[in-house]
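2 protein chains.
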Amino acid sequence: MKLNATIAGVGMTRFMKYPDKGLKELGAEAINAAVSDAGISMADVESAFVGNCAAGLVTGQESVRGQVILHAMGVGKIPIINVENACASGSTALIQACTMVSAGLYDTVLALGVEKLSHEDKSKSFAAFAGAMDIDELQEMIEELKRAAEADGADAGAGQNRSMFMDVYASAARAHMANYGTTAEQFAMVASKNSFHGSLNPRAQFQQELSVEEVLNERMIVEPLTRAMCSPIGDGAAAAVVVSEKKARELGITKPVTIASSVMHSGYNHADDEPDTVQLSSREAYEEAGLGPQDIDVVEVHDASAPAEIIAYEQLGLCAPGEGGAHVASGASRLGGRQPVNTSGGLLRKGHPVGATGLAQIVELTEQLQGRSGKRQVEGARIAMAQNGGGKKGNDAAAMVVTILRS
Amino acid sequence: MKLNATIAGVGMTRFMKYPDKGLKELGAEAINAAVSDAGISMADVESAFVGNCAAGLVTGQESVRGQVILHAMGVGKIPIINVENACASGSTALIQACTMVSAGLYDTVLALGVEKLSHEDKSKSFAAFAGAMDIDELQEMIEELKRAAEADGADAGAGQNRSMFMDVYASAARAHMANYGTTAEQFAMVASKNSFHGSLNPRAQFQQELSVEEVLNERMIVEPLTRAMCSPIGDGAAAAVVVSEKKARELGITKPVTIASSVMHSGYNHADDEPDTVQLSSREAYEEAGLGPQDIDVVEVHDASAPAEIIAYEQLGLCAPGEGGAHVASGASRLGGRQPVNTSGGLLRKGHPVGATGLAQIVELTEQLQGRSGKRQVEGARIAMAQNGGGKKGNDAAAMVVTILRS
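Taken in sequence, the protein lines are chains A and B.
So in this note's numbering, spot 278 of the first sequence is number 352, and the numbers just go up one at a time.
So in this note's numbering, spot 144 of the second sequence is number 218, and the numbers just go up one at a time.
Hints are not guaranteed to be accurate.
Identical copies look the same in the list; a pair holds intra-copy or inter-copy alike.
Straight-line distance between alpha carbons at most 30 Å, and here's what the computed DSS-like set of lysine-lysine pairs gives [said to hold, decoys possible]:
1) LYS98 <-> LYS220
2) LYS95 <-> LYS198
3) LYS449 <-> LYS196
4) LYS329 <-> LYS95
5) LYS320 <-> LYS76
6) LYS151 <-> LYS220
7) LYS151 <-> LYS95
8) LYS320 <-> LYS151
9) LYS98 <-> LYS151
10) LYS91 <-> LYS198
11) LYS91 <-> LYS449
12) LYS196 <-> LYS98
13) LYS151 <-> LYS91
In case anyone wonders, no lab produced these hints; they're calculated from the structure.
Quick caveat, the model's predicted, so the values are computed rather than measured.
Using the sequences and the hints, build the whole thing.
Structure, rendered in structure tokens:
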């Protein structure tokens, strides 16, 4: 089924650590912003999909997270479905909302991504990251990462006082350096570029611009990733109101943003000559939308670490395999470049409250396509793409979603 | 949208405590059984919805539970979506699978409900129950339940070394006794009846038949609920393969069971004269199916406690308000009676591994409609109904699903 859904409104909180706010406050802020942006009232919302990843492990609130948030806003009766796919939970909520509307089941559906990831006891946040991998394989994975790090002459303290995902990314980064001559400086260019974009985004967790040198001089987390090359721990929420064609007409939306395609794949153990989930998902998303990489004006990718953005350029076909390092160095992915990537600041600088991330990408891209991104506006942007991955399974992400939006 | 989906195959594990099995083993057993029952291979499955409630809090496995289970079976690439709605997680997986197929998105979708609820540290299981309520209101709720219990002259140790849901059910039971003259003996009749049904079900956690007297003589958990009136803690999994009309024809299913309707509502603070979520959901389900309570041949209800079954009779319109006690006493809901309820043994005796429960109801009813329930077969059953509720919000369940099946 080809999706046929319109983003009628978007909203999000600033991403940051909110010691005094919980799921309810964060969720309500994003929902109210999205509903108001859509020009509807909460009573128009016929169903809600709520993506969250870590609340059970961080706060103890499991099972009925969406109901708890919406009930506090006075909303009941409507079907509320909690969905979870690690860092792709927000995109999962969106894809389900779009599917419901496209199927003609509802005219107006809310998609919310929300996360309360920070905790004074950091081990709770780390437990949430571990829970996004196969916990039966954690020990084995730690040993493997340690061996790989030692072989590369890197820090071998895998998973110690940091998300193990950073060890996974560092390992991929070292392999990219070995295979293609990519440099630590090029990874730092990603972080520096995104810090520039983040400096223009009032909802970014970090709004300070960093030079390449400053990125390289930050504390080493795991070789070759310095702190500024790793996405931070933070809290926040993002929401989108998804409507049918009929409802979009009723609302008289002047600059409608529609879903050209949204494709999800689960991780599998792919051989070297088989496509990974980003390739699978993006190729299908391009095909469904009748577009190619060259048609995309603005992109948000899942830069949970700086090398992930470089690898994403290649997987998404924005540059040739192995040329991701040169691509960022060329300025093509910088605001003002040919095809800006992560104008929001990305996960590195806007922040990465995991369950909210996928929908925050949609907030950024919808605003870009409607020409309301202020200082970080990509002029004349008509087509946008988001890539959002979650968890780890096999040698891939557990869940991957690529979404193409059109104005 | 009217659902248009066929149950091509069902399967489940026996429900019980499995100290040596985890999500993967339990999930695989149910999936393999359902896939084999449908006469398909795993390669035919185009997408999966996986309902689980407690794994994060009990085992630490969060976020990507479905991917972990399916990957261990060699399944990747396909979209896997983890859904959660407390004890209604299994029904949520089913309703999403049915919606996808009805929308023409897929021909073959797997719905799995799986739960590893038992743990040598019982506090972990209790934390999972608490996570299905609004955790910000737990303390207040405990105080309120204590006050209510004291006012009724009952045990006031709310939530102490037991699921707080039992205190909630006990409070509802005492109100039903006060309002309608329902007796503890009538609650015991439910447990005794379901123990008889469970004695005929090789997949029931408890297969011993109990007399009304034996039920009444069991240890008191919270007035008026003895242990046999409370569903046990256990583990297990249940699955259904949902297919389109086209796929059903291809498979040449001889006794197709179709979804006549499946309706979900979220809890809200309803006034006394407003319908609760069971009433809302069942009325809509009847209407969509073009049926009434009198048309249903066999029913599975959410008897997490014995009084819940009595109240469900009334909410579903199987008897008049206040007459639930007399209804069970009449034998109408017993195997051989006019409209047998919980022929599987229900949550009380078949067991209640929360995320698996909704789909286990579908397993029982599908088999009943296909005439393969052995000693507990309801002769000539053509129409079946399941009621599955989850969590608590306001004065209602957080999520409620009523599903009507037709053969």
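Exercise. Failing hints, ascending?
Worked result: Hints 3, 4 and 13 are the ones this structure does not satisfy, whereas the remaining hints hold.
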